[in-house]
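Please work from the sequences and hints to get the whole structure.
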Amino acid sequence: MSLIDAPMTPLNEVRKSPSRLRSLLSFLRKHPQAAIGFVILMFFVFVAIFGPYFAPYGEREQVGPIFGTPSSAHPLGLDDGGIDMLSLLIYGARVTLIVGFAGAVVAMVVGGAIGIISGYFGGKTDNALMRTTDYFLVLPDLVLMIVVASIWGRSLRNIIIIIGLIYWTFMARLIRSQVKVVRERAYVKRAQALGATHTRIIFKHVIPQIAPLLLAQTVLMVALAIFLETAISFLGLGDPSVTSWGKMIETAFSRSAISYGAWWAIAPPGIAVALVIMAFNMVGTAAEDSLNPRLKVSHLSRRHFRLRPLPDKEAPK
Amino acid sequence: MRAGWSYVGRRALFALITIFIAISLNFVLFRLAPGDRTSALRCQGCTQEFKQQLRADFGLDKSVPEQYVIYLNQTVRGDFGRSFVTEQPVISELWQPIKNTLPMILLGTIISIMLGITTGVIAAWRRNTLADKGTVWGGLLFYSLPTQWLALMLILYLAGPLNLPTSDIADPYLAYSNAGAWAEFVDRLKHMILPAATIGLVLFGEYTLIVRSSMLEALGEDYILTARAKGLSNWEIITQHALRNSMLPIVTLVFLSLGFIFGGTILIETVFNYPGIGLQIYESVGNRDYPVLQGAFLLLTVVIILMNFLADLLYFKLDPRVTE
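Respectively, the protein sequence lines represent chains A and B.
Numbering-wise (the numbering used here), the first sequence opens with residue 1 and increments by one.
Numbering-wise (the numbering used here), the second sequence opens with residue 318 and increments by one.
Any given hint could be a false lead.
Partial chain A-side listing against chain B, Cβ under 10 Å, derived [unchecked claim]:
#1 Ser150
#2 Ile151
#3 Ile226
#4 Leu235
#5 Gly236
#6 Glu250
#7 Phe253
#8 Trp263
#9 Val273
#10 Phe280
#11 Asn281
#12 Met282
Note that these hints are calculated values from the structure, not bench results.
All residues carry an ideal CB built from backbone N, CA and C; glycine is no exception.
Shown next, in the form of C-alpha cells:
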C-alpha cells in the first residue's frame with residue numbers, strides 16, 4: 001500500500017491545494033451568467049444564516065392589522081396574521097435553503113453511490129442497479145411524493161428524505177456513465193495492476209475525477225429540491241411548525257389573500273423562490289457545460305429527468 | 318427490420334414489468350402506512366367486534382402474501398376498492414375528473430409547444446441577437462417559477478382585466494338558462510384558459526430552451542450548408558431541414574414531460590379549484606381517502622408508463638438507429 005502511496009501524495013498536494021479558490025474565480029470570470037447566479041446565491045445564503053439577527057420583527061409577532069398594506073415600517077406589508085412579511089421572508093430563507101441543500105445531498109449520496117458501484121463494477125451489478133433506476137425514473141415524482149408524504153407524516157426530515165429518494169435516479173445514471181469512462185483510464189488500470197483494493201481505487205482515483213461533475217449536478221439538484229418543497233408545502237404536506245417560502249405561498253392562498261387583493265402576501269415569496277432557483281440553474285448549467293459539453297441538449301430536461309437515457313457511446317466496453 | 322421488432326418487444330416488456338412494479342409499489346407503500354383501514358375510519362366509538370368484522374371484510378386478517386395476491390387480482394380486474402368519503406367505487410370517482418383534466422392538459426401542451434417552437438426557432442436562427450437573449454432569459458425565468466405561484470399571479474393580474482373566471486369548470490347558472498351548446502362550450506373554454514395557460518407557460522420555458530439548443534445543433538450541420546448552396550429559401554431550410562432534424566429531442570421531450578405535467582396539474586387545479594384529477598388527489602390527501610389516492614397514483618403511473626412506451630416507439634420511427 002505505502003509503495004503506491006508515496007509518489008502520489010505530494011503530486012496531489014501540489015496540484016490541488018493552491019488552486020481551489022483561484023479556479024472558482026476564473027470559472028466565474030469566464031461565465032458571467034454563473035457569476036450573477038453566484039452573487040444572488042451568496043446573498044440568500046447570507047440571509048439564511050444571519051437573517052434572524054437582523055429581521056426587523058419576530059416570526060410570530062403580530063405587529064399590525066390583517067393584510068396591512070406595505071408602508072415605510074413594513075416595506076412588504078403584513079400577512080393574514082398581521083405578521084411582517086419582510087421578516088417572514090427572511091426567516092423562511094433558512095428553512096427553504098436547508099431543505100434544498102439537504103434534499104440534494106441525500107440525492108447525491110444515494111445516486112452517487114449507486115452510480116459509482118454500477119459504473120465501476122459493471123456486469124450483473126450494473127445491470128440490476130440500472131434496471132431498478134429505470135423503473136424509478138418513470139414514476140411521477142410529485143404524485144409519488146404526495147403519496148409518501150401523506151403516509152409518513154408532515155415533517156421537514158421526511159420531506160428531505162423524500163426529495164432525495166425521488167431525485168437519486170438521474171444522478172445515478174449520469175455518474176455511472178462518467179465512472180465507466182474513468183474506470184478505463186491508465187492510472188486506474190495501473191492501480192489495479194499494483195493490487196490496490198476496490199475501495200481504495202474508488203476513493204483515491206474515481207471519486208476525485210467525478211467530484212466536479214457530482215458537485216455541478218448537486219447544485220442543479222438544489223433548485224429542483226426547492227421547487228418540490230414549495231409544491232409539497234403548497235399541498236399542505238409541509239412541516240407545520242416552520243416557516244418556508246413554499247408555506248408562505250400556501251398560507252397566502254388558503255387565507256384568501258387574493259380576495260383581499262393582498263399581492264404583497266403572495267408575490268415576494270414566489271419571487272424569492274424563482275430568484276434562488278434561477279441562480280442555482282445559472283451556476284449549475286455553466287459548471288456542467290464547462291465540465292461536460294456533451295450533455296448540452298439533455299441537460300435542460302432535468303426537471304423531470306425523462307429524457308431518453310442516452311446509449312453509452314462514450315463508454316468503451 | 319428484425320432488430321426493430323426485437324427493440325419494440327424489449328420496450329413493451331419493459332413497460333409491462335414497470336407497470337407490475339408500480340402496482341406492487343402501490344401495495345407496499347400503503348401497507349407501510351401507520352394503522353390499517355379500520356383506524357383510518359376515524360371512529361373512536363367503534364367496538365372491537367365491529368373493527369374485527371371490518372378487518373375480515375377488507376381481508377386484513379389474512380397474511381400479507383395472501384392479501385397481495387388478492388390485491389393483484391382486484392387490480393387486474395380494475396377494482397380499486399371504494400372511496401372512504403363517498404363510498405363509491407374508486408374507478409368511477411376518478412373517471413369524471415380525468416375527463417375534465419384531459420382537455421385542459423391538451424390545451425396547455427399545445428400552447429407550450431407552439432410558443433416553445435416559435436420562440437426557440439427564432440432564437441436559434443437569430444443567434445446572439447436581442448431576440449435570442451430575450452428568449453434564453455425568458456425561458457430560464459419561466460423555468461424557475463413555482464407553478465402554483467404563477468397560477469396565483471395569473472389570477473391576480475390577468476383574470477380581472479380579461480374578465481375570466483378563476484374557479485370551477487363551468488358556470489352553474491348556464492345549465493338552467495338553456496343557453497345552448499355554443500355558449501356552454503365558450504364558458505368551458507373560459508374556465509379552462511387560465512389553468513391551461515399556466516401549464517403552457519411553465520412548460521414553455523423548458524421547451525423553448527430545448528428547441529433552441531437542438532436547432533442550433535442542427536443549423537451547424539453540413540446539410541444546412543448544402544441546402545443553402547442549393548438556393549433554398551430560409552423558410553425551407555428551417556422547416557424542411559433544420560427543424561425536421563431537431564424534432565427528435567423535442568417530440569420525446571413533449572411525451573416524457575407528462576409526469577411533470579401531472580404533478581403541475583395537482584397544483585394548478587388546486588389553485589383554480591378545477592374539478593380534475595389533480596384536485597381529486599389534493600382532496601383525497603386532505604380527507605385521508607387512501608383508496609382514491611392509491612387509485613389515482615396507479616392510474617397516473619400507468620398512463621405515464623404507456624406514454625413512455627409510445628415515446629420509445631416514436632423514437633424508433635424517427636431514428637431507427639436506436640436499436641443498435
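Okay, the hints, checked on the actual structure:
1. Ser150: holds, 5 Å
2. Ile151: holds, 4 Å
3. Ile226: holds, 9 Å
4. Leu235: holds, 6 Å
5. Gly236: OK, holds: Gly236(A) within 10 Å of chain B, min 7 Å.
6. Glu250: holds, 8 Å
7. Phe253: holds, 6 Å
8. Trp263: holds, 6 Å
9. Val273: Check passed: Cβ of Val273(A) comes within 5 Å of chain B, closer than 10 Å.
10. Phe280: holds, 9 Å
11. Asn281: holds, 6 Å
12. Met282: holds, 7 Å
The structure is consistent with each of the numbered hints, conforming to all of them.
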